[in-house]
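Hey, can you work out the whole structure from these sequences and the hints?
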Amino acid sequence: MNSNNNILVKLNNAGFRQSEKWLVEGVSLTVEKGKIVTLIGPNGSGKSTTAKIALGIYKNIEGTVEKYTTKVGYVPQKISIDWTLPIRVYDFMLLTETIEDSAIDEALSLTGVIHLKNKNLGSLSGGEFQRVLIARAISKKPELLVLDEPVQGVDYTGEIDLYKLIKKISDTLNCGILLISHDLHMVMKATDHVVCLNGHVCCSGSPIDVAKNNEYKALFGEKASQILTTYEHKHDHVHSDEGEIKKN
Amino acid sequence: MFDDFFIRALIAGIGIAFVTGPLGCFVVWRRLSYFGDTLSHSALLGVTMAYTFDLNIAISVFLISSVIALILIQLQKKTNLPGDALLGLLAHSSLAVGLVVIGFLTFIRFDIMGLLFGDILAVTTDDLLVIWTGGALILIVLKLIWKPLLASTVNYELAEAEGLNPDRAKAIFTILMAAVIAISIKMVGLLLITGMLIIPAAMARNISDSPQKMVLFSIIGGLLSVILGLYSSLEFNTSSGPSIIAAALILFILSLFKIKQSIKLKN
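Chains E and Y, in that order, give the protein sequences. The opening position of the first sequence corresponds to residue 1 in the working numbering, with each subsequent residue numbered one higher. The opening position of the second sequence corresponds to residue 1 in the working numbering, with each subsequent residue numbered one higher.
Check each hint, because a few of them may be wrong.
[Claimed, not checked] FRET-style restraints, in silico, Cβ to Cβ: (1) Y:Gly83 / E:Gly126: 52 to 58 Å; (2) Y:Met113 / E:Asn60: 46 to 52 Å; (3) Y:Asn165 / E:Glu66: 16 to 22 Å; (4) E:Glu100 / Y:Arg168: 23 to 29 Å.
Because the hints were derived from the structure by calculation, they are not lab data. C-beta atoms are modelled at their ideal positions from N, C-alpha and C, and glycine is treated no differently.
Structure, rendered in structure tokens:
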């Protein structure tokens with residue numbers, strides 16, 4: 001029973017159909033407290049759709065969603081701020097929940113954009129905006145964090161820092177994270193469970209298991225499989241860009 | 001002091017400006033100006049109903065506008081026509097039906113110009129009561145749905161995901177729109193109500209950097225427009241609606257200079 005209390009959201013054979021076309025179907029997955037579940041898959045494979053099913057954004061779904069928390073933080077894949085709405089980063093931080101100024105400052109500092117606090121949201125660059133989006137989602141100290149490609153447009157070093165931060169948040173807040181990511185390095189390092197989608201669940205399990213799966217290899221290619229497995233035995237050699245092994 | 005028709009008009013107009021300010025901001029943010037037009041055009045039917053059955057105009061207009069809003073939502077679900085075509089269909093057909101019905105009501109003398117463009121002579125003490133209590137209610141409800149409404153204006157899915165129930169906020173907002181049209185129709189006239197909603201808000205956008213400030217400046221702009229408009233309406237013997245809207249336009253044009261300045265400062 002104890003493990004059941006840790007469940008935040010559970011999808012049972014869930015799917016969503018839009019104008020007669022299945023965006024995704026037959027997805028079962030569970031996000032627990034303190035765990036990171038990552039969705040991977042090619043474009044159009046239903047990653048965002050699955051996240052939106054888990055969040056309850058799509059109503060007429062097949063299957064069921066059991067949600068055991070209302071404290072949710074969401075970083076959508078795309079968000080555009082209309083010019084007609086004047087809104088500063090500070091106002092945006094307060095958008096869905098009233099939180100203390102100190103919590104706002106803390107979150108903005110963690111993602112490295114505290115200096116933008118009074119800037120207009122429309123004037124930010126893509127990477128800055130992503131950092132604000134992440135800060136907003138974590139500032140409310142959610143139990144469930146859903147991140148849809150959270151580091152898109154962020155520079156490379158920033159990307160690594162942000163992924164470290166996401167891992168840290170999962171540990172310190174003990175919140176469950178549903179992550180959509182293209183970065184297989186990140187998937188390998190921090191993820192507890194990987195779900196590989198292609199309109200349906202093509203395989204799932206620990207990162208190592210998924211990397212060895214033949215369907216995964218068919219979908220992403222042999223090279224991607226090597227990226228994942230690299231981490232298991234990376235101590236005696238390095239990989240070149242082409243994936244060839246070079247002895248240290 | 002309510003004996004003087006001009007004082008009555010002024011107090012009514014001030015009450016209206018307090019409500020159209022914040023609602024107008026949402027009309028601009030959510031791109032609802034044509035929706036506002038549709039509701040206000042349908043208000044003519046409400047007015048004819050009020051005369052026929054001897055009802056209070058504001059209440060009758062509120063009921064009819066709410067019904068039209070409901071029909072619109074149903075049509076949006078059931079047909080494939082694009083939103084603007086549906087709005088146009090409802091706006092002009094309800095205006096036309098309203099005018100036809102007026103043609104039949106030969107036993108009542110109508111001041112069509114007053115209906116379309118507002119008439120400060122028409123505001124009674126009862127109207128003041130409706131405007132101020134109705135207006136206060138609208139503002140209280142808007143305050144209650146402020147967070148979900150603003151959040152879903154920025155991003156519907158974000159609001160839905162984080163449990164704010166944006167659909168309910170939107171439905172309530174639609175009713176508030178019908179209500180604001182109902183209380184402003186006598187003063188501004190049904191052809192110009194949308195102007196009262198969007199022009200002060202557009203002016204406020206030019207000089208604001210946060211949603212709250214835009215609401216505040218929109219109210220101030222509305223108040224100034226009403227006061228300036230009504231005095232000039234008295235002075236030049238013009239209809240109250242066009243005078244108020246013209247005053248709002250002047251404020252909007254002035255606000256453009258502020259934009260120019262801030263662009264210069266940035267460079």
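Using the beta carbons of glutamate 100 (chain E) and arginine 168 (chain Y), state whether their distance is inside 23 to 29 Å or not.
holds, 27 Å
Against the range 52 to 58 Å, how does the distance between the Cβ atoms of glycine 83 (chain Y) and glycine 126 (chain E) compare: consistent or not?
violated, 30 Å
Quick check on a hinted range of 16 to 22 Å for asparagine 165 (chain Y) and glutamate 66 (chain E), using CB atoms only.
holds, 19 Å
Do methionine 113 (chain Y) and asparagine 60 (chain E) keep their Cβ atoms within the hinted range of 46 to 52 Å?
Because 50 Å falls inside the window, the suggested range holds.
Of the numbered hints given earlier, the model fails hint 1 alone.
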